[in-house]
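So the sequences go chain by chain: D and S. For the working numbering, add 812 to where a residue sits in the first sequence, where the first one is 1. For the working numbering, add 15 to where a residue sits in the second sequence, where the first one is 1.
Note that these hints are calculated values from the structure, not bench results. Treat the hints with caution; some may be incorrect.
Cross-link-like lysine to aspartate or glutamate pairs, in silico, EDC-like; alpha carbons within 16 Å at most [to be verified]:
#1 Lys115(S) / Asp1021(D)
#2 Lys109(S) / Asp1194(D)
#3 Lys109(S) / Glu1147(D)
#4 Lys115(S) / Glu54(S)
#5 Lys113(S) / Asp1028(D)
#6 Lys115(S) / Asp1026(D)
#7 Lys113(S) / Asp1026(D)
Here are some chain S residues pointing at chain D (derived, C-beta under 7 Å) [said to hold, decoys possible]:
#8 Asn19
#9 Val80
#10 Phe82
#11 Asn85
#12 Gln107
#13 Ser111
#14 Leu130
#15 His292
Every residue, glycine too, gets a C-beta built ideally from N, C-alpha and C.
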Amino acid sequence: MSETKTETSLKGVKNLAALTGNEAVAQALRQINPDVIAAYPITPATEIVQIFSTYVSDGLVNTEFVAVESEHSAMSATIGASAAGARAMTATSSQGLALMWEMLYIASGLRRPIVMPVVNRALSSPINIHCDHSDTMGARDAGWLHIFSEDAQEAYDNTIQAIRISEHPDIQLPTMVTMDGFIISHGMEVVKMLDDDVVRDFVGTYKPDTYLLDVDKPVTMGGLDFTDFYFEHRRQLAEPMEAAPGVVKQIGEEYGKLTGRKFGLYEGYMLDDADYVMVLLGSTAGTAKTIIPELRAKGIKAGLLKLRMFRPFPADEIADAAGRAKKIVVMDRAEGFNAVGGPLCAEVKAALYGKSRAEVVNAVYGLGGRDLGPDLARAAFDLSGPGVIHLGVRG
Amino acid sequence: MAINLKELSKKTVPLSPGHRACAGCGSIITIKLVLMAAEDPIVCVSATGCMEVVTTIYPYTAWRVPFMHNAFENAAATLSGIETAYRSLLGQGKISGKIKFIAFGGDGGTYDIGLQSLSGAMERGHDMLYVCYDNEAYMNTGIQRSSSTPFCAATSTSPVGKASRGKKQYPKDLTKIMVAHRLPYVAQASPHNWQDLMAKTRKALSIEGPKFMNVISSCHRGWRVPMTDSLEVCRLAVESCYWPLFEVEDGAWKLNYRPRQKLPITEWIKGQKRFAHLLKPENQPMVARMQEEVDRRWGELLQLCGEKAG
């Protein structure tokens, strides 16, 4: 079953603002009003915490802001603050996320419900500040929930929902909410914001059961497991990821009641009867949504499956929604460097295994911010062949 | 509470018996003395290393106070997050009461991999005490050299051989690096002088802001001394002026102990098998160089502390 967002008209909507993705997320952070934010500058995510620090300076939030000396320390301090009993957040991109890599696993292993906006940017080398998904794809198996956003509105909405998802008693895992570098982070859009008190009521107060500052009930965190316990603890860590789809849908529905914008695990666009399905993540969905009606007008039954959740990966839903298509084109904005294809395609193929006879085509596109215009996106529907196709590259 | 054995014997030790540290471990003594000196509620963090490993083997913990281990290089960053959470929650009225914060790290986790995190936390001015238990090598992974390892010491990555007489470099002067951060309190101590160590801990905890203590803490496995000599070998490090006891309060240097008769460095190294090769006649020039460096650093310290040379 396709899950399509309900769009509402802008007429009569209050709290309309022209915001970039970074500004929208900074506003979400202000409304969430976390206890601690520890962060380090990195393009293109810098603005989020830069704007947020003006909220701190102006006394608009209760947050203590820690300007740490690296992203490794940003995540370390965020984990420490969360363990201490605070609602703690940070934000980053690219190399910064790569520097956090060690700590990402510890954040999930310690079951810290940290929410981190990540502005997707290419990884070095060559150094490049523009968008692709290599950074968060590299962290895809770190035990974090991973939500992609198509535009500034979704980045805003997802950031707010992620607090509830991460802190849900059945989850207690960190979440990264991503948006495409520059395309979304620096592109200005009309964003429908909620009232501050509505967001504060929605996210509620963080009340952990055990926390370090509870000195009357001392707890040890981050202890050592030998072979007799490690496996059990890692198995326990996998369980909330299995529970996450239900929680994500439930909170998406609740948020939908507040906003008219309903969120599930994915968004289908002209998907129900589509013979030709494009599967992708992030801002390219906007391009797909402009060309699909054109193709439909020509009698080509094209459709889009835009994944919102990449972790947990909605394998069954993908098979149900797109399995009967003739062709599925999976668009990866990250190279897999595995001589097979991109990470999204590998997972989509696994999801379809035994459930679909569709031809699955993999295109890697848009690395380092290379634009995918409507012509190329249209051409992607015509691609075929077993190997990975690099779309829009010279030579 | 006075720092004397009668008073201390009435106190619950924040670190329980039953931990897995080696008998005669110098570092666990250091940590226990620091914890016992604290009077207010404390929250502790440790870098990855022997002390974290031996105290937290699941399903047990030796910590009777809140404790967290995060990773190797980030004890200071982690504690800075905890301390910030405390200020935030206290300011919002979500919690109440006084809490002090202590981070522990070995020399590997402090001089080497954790130096950036430590420097950052100290510069930001978090209200915390960082204690380095300096056992002069990566003991937890099997005695590899660190930037604290003494000149000529044999370790598993600076072994003695036909072409090597052990570690080629002198140790980094970390305590001075921390003084250069212009902290309100920096001290060097040794567990053999437990009253000095505990008094310094208590003083450090009474001062608001970032504090640092560097505490020599012998490892009999790495230093190759009998386990019964762990405190004696620390004492000899102090008596030979290899490890002077001093403190720097708001930039004012103070020597806390001046040996009546400064022992030659050979008195410290002769009982330690990591220096066994230095006892050979052909290696005496190395001993002379080591002595020269100890004398140079001691002379500098005397000057900084306004003490007479000698």
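Evaluated hints:
no.: 1; hint: Lys115(S) / Asp1021(D); result: violated, 22 Å
no.: 2; hint: Lys109(S) / Asp1194(D); result: violated, 59 Å
no.: 3; hint: Lys109(S) / Glu1147(D); result: violated, 47 Å
no.: 4; hint: Lys115(S) / Glu54(S); result: holds, 9 Å
no.: 5; hint: Lys113(S) / Asp1028(D); result: holds, 12 Å
no.: 6; hint: Lys115(S) / Asp1026(D); result: holds, 13 Å
no.: 7; hint: Lys113(S) / Asp1026(D); result: holds, 11 Å
no.: 8; hint: Asn19; result: violated, 26 Å
no.: 9; hint: Val80; result: holds, 5 Å
no.: 10; hint: Phe82; result: holds, 5 Å
no.: 11; hint: Asn85; result: holds, 6 Å
no.: 12; hint: Gln107; result: holds, 5 Å
no.: 13; hint: Ser111; result: violated, 10 Å
no.: 14; hint: Leu130; result: violated, 11 Å
no.: 15; hint: His292; result: violated, 35 Å
Hints 1, 2, 3, 8, 13, 14 and 15 from the list above are not met by this structure, while the remaining hints are.
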